[in-house]
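Engineer: Keeping their order, the protein sequence lines are chains A and B. Letter by letter, the first sequence follows residues -2 to 101 of this note's numbering. Letter by letter, the second sequence follows residues 76 to 236 of this note's numbering.
Rather than coming from a laboratory, the hints here were simulated on the basis of the structure. Because the structure is a prediction, the values reported are computed rather than measured. Treat each hint with caution, since some may be false.
[To be verified] Chain B is faced by these chain A residues, among others (derived, beta-carbon under 7 Å): (1) F4; (2) G24; (3) V55; (4) N68; (5) V70; (6) R73.
Quick reminder that beta carbons are idealized off the backbone N, C-alpha and C, glycines included.
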Amino acid sequence: MHDDRVFKALADPSRRHLLDRLFERDGRTLTELTEELEMTRFGVMKHLQVLENAGLVVSRKVGRLKLHYLNPVPIRQIHDRWIDKYTARHASALADLKAELEGG
Amino acid sequence: MEVQTMTTPTQAKPTQVYQVFINAPAQRIWDAITKPEFTRRYFHGTSVESDFKAGSPYRSYLSGDRGLAVEGDVLESHPPRRLVHTWVARYDPELAAEQPSRVTWEIDERGGGMCLLTVVHDQLEDAPKTAQSVSGEGWMYVLSGLKTLLETGEPLPALEQ
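Here chain A stands alone, though its shape is the one from the complex (with noise of 0.2 Å):
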């Protein structure tokens, strides 16, 4: 249901490159952010709320600024369940071929 969310918001190229930005350097504002990146206010504006729904990327009121951060937890979430899972399941195999090799 979030899984969703979280690879639509990372299946576009400007969203990932907002993410890395976001990643060298957080707690930034949208002036800020689309300063550095060719892309219009609102283009900026837009993939960020994208980014947000997905919870990929938080926004906290600061004074008068609202400032991004990149919010790690659902990637790990994703690698949890979707990496962790068939990089165990292709050890297994290597150790049951080694098994099955040393025992045959």
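Given the coordinates of chain A, work out where chain B should sit on it, guided by the hints.
Structural biologist: Below, chain B without anything else, positioned relative to chain A:
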């Protein structure tokens, strides 16, 4: 083809924000943060000890009488919505020598029994080693454990050191 650039910040961030949905009411999440019988099961075996009133000390202890894990002061306490306390890691002398940082817990009910838990660990500018120690696996392991415990009743397996 898009050019992929891997970028790694050289230093852990001085403000770190973590957010996770938890399928539990706010009061249960508050209890899990403030009661030692819960923290022992997801917070690296540590037991929290505080009356959670503004101005009171916040302490957590390592398992097996191995002393203090974290020490701080409660700055704000609004059960079951918001808790702010300072943070000095005592389990490691290098971390203990750094300046106190600040941890803010926000529990926001989102309907359908779900809450959004936000943890902000900030004021880490003068505590770079502490910042490093809580980044990456740090808070994520604790928050995943908290979520798993509340949603399934089971703790996560212990981290391999």
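Engineer: If a hint holds in the structure, say so; if it doesn't, say that too.
Structural biologist: So, going through the hints one by one against the coordinates:
1. Given the 7 Å rule on beta carbons, the hint for F4/A is violated: about 16 Å separates it from the nearest Cβ of chain B.
2. Because the closest C-beta pair between G24/A and chain B is about 5 Å apart, less than 7 Å, the hint holds.
3. Hint on V55/A holds. Least Cβ distance to chain B is approximately 5 Å, under the 7 Å limit.
4. With a least beta-carbon distance of about 5 Å to chain B, the hint placing N68/A at the interface is held under the 7 Å criterion.
5. A hinted interface residue such as V70/A counts as satisfied when its beta carbon comes closer than 7 Å to some beta carbon of chain B; here the least separation is about 5 Å, so the hint holds.
6. Taken as an interface hint, R73/A checks out: its beta carbon lies about 5 Å from the nearest beta carbon of chain B, inside 7 Å.
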